[in-house]
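Peer 1: Please model the complete structure; the sequences and the hints are all you need to start from.
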Amino acid sequence: MSQYTPMIEQYLEIKEQHQDAILFFRLGDFYEMFFQDAETASRELEIVLTARDGGQDERIPMCGIPYHAADSYIARLVAQGYKVAICEQVEDPKKARGIVKREVVRIITPGTITDENLLQEDRNNYLAAVVESKNCAGLAWVDVSTGEFQVTEFTGPAGLAALSVELQRIAPAECLIDNLGNLYSQYWTNPAWPLRAAAAGIPEPALDLSRAQNILLNHFKTATLDGFGLRGFSAGIMAAAAIILFLQETHQQHLENILGLKVHRPEQYLGIDAASRRNLEITGNLRDGGKQNTLLSILDLCHTGMGKRLLRKWLELPLREVSAINRRLDGVEELFSNIELREQLAAVLKRIYDMERLGGKLGSGLANPRDLLALKSSCQALNDLTELLQGCQTEIIRHAGSMDNLQDIANLIDQAIMDEAPITVKEGGLIKPGFDQEIDELKRLASEGSAWLVDYENKEKERTGIKHLKVGFNKVFGYYLEISRSNLHLVPADYVRKQTLVNTERFITDALKQYEDRILGARERLFALEYEAFVRLRNTVAEHLQRIQDSASKVALVDVLLALAECAFRNDYVRPLVDESGRIEIKAGRHPVVEQNLPGGHFVPNDVRMDSDRCRFMLITGPNMGGKSTYMRQTALIVILAQMGCFVPAREARIGVVDQIFTRVGASDDLASGQSTFMVEMVEVANILHNASPKSLVILDEIGRGTSTFDGLSIARAVCEDLANRIKARTLFATHYHELTSLAEDTPGIVNLSVSVKESGDTVVFLKKVLPGKADKSYGIHVAGLAGVPETVLQRAKEVLKQLENRPPKASASLVFEQPALFASENALLTELRRLDVDSLSPREALNILYRWKSDFA
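So for the sequence shown, my numbering puts the first residue at 1; every next one is plus one.
It should be emphasised that the hints constitute simulated quantities derived from the structure, not laboratory data.
Some clues are possibly wrong.
Unchecked claim - Below, simulated DSS-like cross-link-like pairs (lysine-lysine); rule was C-alpha separation at most 27 Å, straight line: (1) Lys513 to Lys467; (2) Lys587 to Lys728; (3) Lys498 to Lys459; (4) Lys443 to Lys467; (5) Lys475 to Lys432; (6) Lys95 to Lys513; (7) Lys470 to Lys443; (8) Lys498 to Lys513; (9) Lys774 to Lys587; (10) Lys798 to Lys758; (11) Lys313 to Lys350; (12) Lys221 to Lys262; (13) Lys94 to Lys498; (14) Lys461 to Lys513; (15) Lys467 to Lys498; (16) Lys459 to Lys443; (17) Lys94 to Lys83; (18) Lys513 to Lys426; (19) Lys291 to Lys350; (20) Lys513 to Lys475; (21) Lys461 to Lys101; (22) Lys587 to Lys695.
Model, not experiment: these values are computed from the prediction.
Peer 2: Next up, the structure:
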């Protein structure tokens, strides 16, 4: 004989199949959790932990939440990395024989969320999968809420590093990964790995290529995968199949909104590694990773969720192909020049809901009546949008204006769904009159029933003399007559007491009971018919998902082009000339973010003039706080803006297409992985030297400062020479090693720049202007004073500086650090003398050595 009640036995049977999830077990109007799940949920959700009788002597831990408020609780659990299994009652309790049948209908994980209340409007929520096979790594990712599904592969020795960069760009909420693979062992388990995604295993069938191909063929209902561009793919196919299997398991059904699979080709886009994304604060700031004070925050004037997400993609993946860049710039320019059209488009876009995610809910079978009303409203706005775009001339806007306006879908929903329909689907009030004849008949009966209740209440008031008698209803007791205690002496004998409250009592009569049986049966039938009609309608609309997704993508395109045009208009941006010239020429360039945080007109613009020959390497010297870092960053950001198809903050700009941007700026220890500031710096420098090309843009700020002066200068010089002579990348290199400025005299392509300063006595003003030539001071003591360093320390620093400037190199160095002087010629000469075998030298060899010493050291 079992030690548990039948209901707890049922719970345990279902829980056995979902041990890695918190089971939300439906009991009436609540989701209940038991045993360990209850303890976990009560702690994480801060709800009361109680107990109930489960058939044992000891009571079972239990907690619960109202089903109608479940979304917010689910969001909190999923945000903390938990899986939530939703177990629903799948039969009518009134018709159940014994325990009500229950099944898990959906499993919610961080990467499979579709409810907009649980998602961020402006960013995708990706589920990714990584499969490694031989010398190849496959990466696939999907946003279930929008239907976006992409795949790519990485091969060769650098494939794993490229995969890690792409994963960090995608930033999935959840990743399916083999814990025996190289990515897992080399990156995922490293405490310094910046990606914090929930991890799950790869479904076993996906690891067999033949089975993986069949999984995708069955899902897309095609005979070949060649149409998706997957010819020659292996690991990528397995990664994509892993995602499909995982979604089928969690959603318990076919996902209709995942209609295609797109091959992502990284070589088509401007490469920006993870360090550069972070350093340039493109979509996340350095302070807390948030959007504030990022390039994205300046550009994001979009009106729709799908537009915001597309804008983020454009910013993360600027283009390399000049013609594609110019198509975007053409569209921005057309809208930039037409303020009236911009205002009209903005007004229409504000009426359009997130059609991508509405389509996702349709495809998942989760759309509710309010979702269909939102889709109807959006479709109605599409008609106005296409009319506004009819007169546009540029290719990209004409393409967007060719969207299907979906008026047949709008009309269908309008005919069926009540304008004020509830969010729930099983409690009636959904279907408009005239859509379904049987529903109309039942509504007529219900309406007549309401009139009967009013008439019955009036008759009972007259019969009993109780003026304040009223008829009421609740789900527990059904219909009743409510009478105050002061009138109980007037209650007739045929009234049967049903419930006693503090100030009133409730009664039932035979007539009211007969009415209840009749009307509730009709109401239940009405609710069931309305639900069936709604599901049919939802399925009909879902048959048009491809059309809805296509129109949504074109709306997003219009939204992004409009946002970029509006941003350019508000901030005085200009259209850049983008070509294959190898030049970067910017007149009066500005930092798009910094200028927003300064009073109008206070930002000092600067010019940039680089090419692939005479001026490819800019060596920038000058004081801290002089503007070197801002100058370099704004150059990189202007390149990114130009190649994403946006106007730029400058008076004039010409951008020769860049293939990759690399940055090494700032100083930070990586304590989690035991790496010092200098080690982090050298790792990033090594990445640049291994991967930069002549078409790259390299930003280097203060290389070598994390070690001794002698070592740091040596490394900085060697890096400069390698970038200028071997790689020939366009480079901006800021340094306080003034000794490096001599490189401009003997290394082709290196040019000196400096940030200007105005001195007047002890007063120093940083002019923020970058000019040709080299600096001879760093003004570090002045900056220390601005930072609040005590005056006594500043005075002592000035004394030491004066001594250093008046001493020979060797004495100056030992005064401070007791280390060899920079270029300590005496030491080098002594070392060579000690090693010299004088007896073995011929007169000619000895003379040659003497001449060399004279040349090197005299």
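Peer 1: State for each hint whether it applies.
Peer 2: A quick look at each hint next to the structure:
Of the supplied pair hints, the one linking Lys513 and Lys467 holds, its CA atoms being roughly 22 Å apart against a limit of 27 Å. Between Lys587 and Lys728 the alpha-carbon distance is near 23 Å, which keeps this suggested pair within the 27 Å criterion. For the suggested pair Lys498 and Lys459, the alpha carbons sit about 20 Å apart, so the restraint of at most 27 Å is met. The straight-line distance between the Cα atoms of Lys443 and Lys467 is roughly 30 Å, outside the 27 Å bound, and the hint therefore fails.
Simply put, Lys475 and Lys432 have alpha-carbon atoms about 25 Å apart, close enough for the 27 Å limit, and the pair holds. Between Lys95 and Lys513, the direct Cα distance comes to roughly 21 Å. Compliance with the 27 Å bound is thereby established for this hinted pair. Restraint check for Lys470 and Lys443: the C-alpha separation of about 23 Å stays at or below 27 Å, so the hint holds. Proposed proximity of Lys498 and Lys513 is supported: the alpha carbons are some 12 Å apart, at most 27 Å.
Using a Cα cut-off of 27 Å, the hinted pair Lys774 and Lys587 holds, with the two alpha carbons roughly 21 Å apart. Between the alpha carbons of Lys798 and Lys758 the distance comes to roughly 19 Å, so the proposed pair stays at or under 27 Å and holds. With a C-alpha separation of about 21 Å, the suggested pair Lys313 and Lys350 falls inside the 27 Å cut-off, and the hint holds. For the proposed pair Lys221 and Lys262, the alpha carbon gap of about 16 Å is at most 27 Å, so the pair holds.
Between the alpha carbons of Lys94 and Lys498 the distance comes to roughly 21 Å, so the proposed pair stays at or under 27 Å and holds. Only pairs whose Cα atoms come within 27 Å are accepted, and Lys461 paired with Lys513 is accepted, the gap being roughly 18 Å. As the CA atoms of Lys467 and Lys498 are separated by approximately 20 Å, the hinted pair is consistent with the 27 Å bound. Distance check on the hinted pair: Lys459 and Lys443 sit about 24 Å apart at the alpha-carbon level, within 27 Å; holds.
A threshold of 27 Å between alpha carbons decides the hint, and for Lys94 with Lys83 the separation of about 31 Å lies outside it, so the pair is violated. For the hint pairing Lys513 with Lys426, the CA-to-CA distance comes to about 24 Å; that is within 27 Å, so the pair holds. This hinted pair checks out: Lys291 and Lys350 have alpha carbons roughly 22 Å apart, not beyond 27 Å. Taken as a hint, the Lys513 and Lys475 pair is honoured in the structure, with Cα atoms around 14 Å apart against an allowance of 27 Å.
The suggested pairing of Lys461 with Lys101 is violated, with an alpha-carbon distance near 45 Å, which exceeds 27 Å. For the proposed pair Lys587 and Lys695, the alpha carbon gap of about 21 Å is at most 27 Å, so the pair holds.
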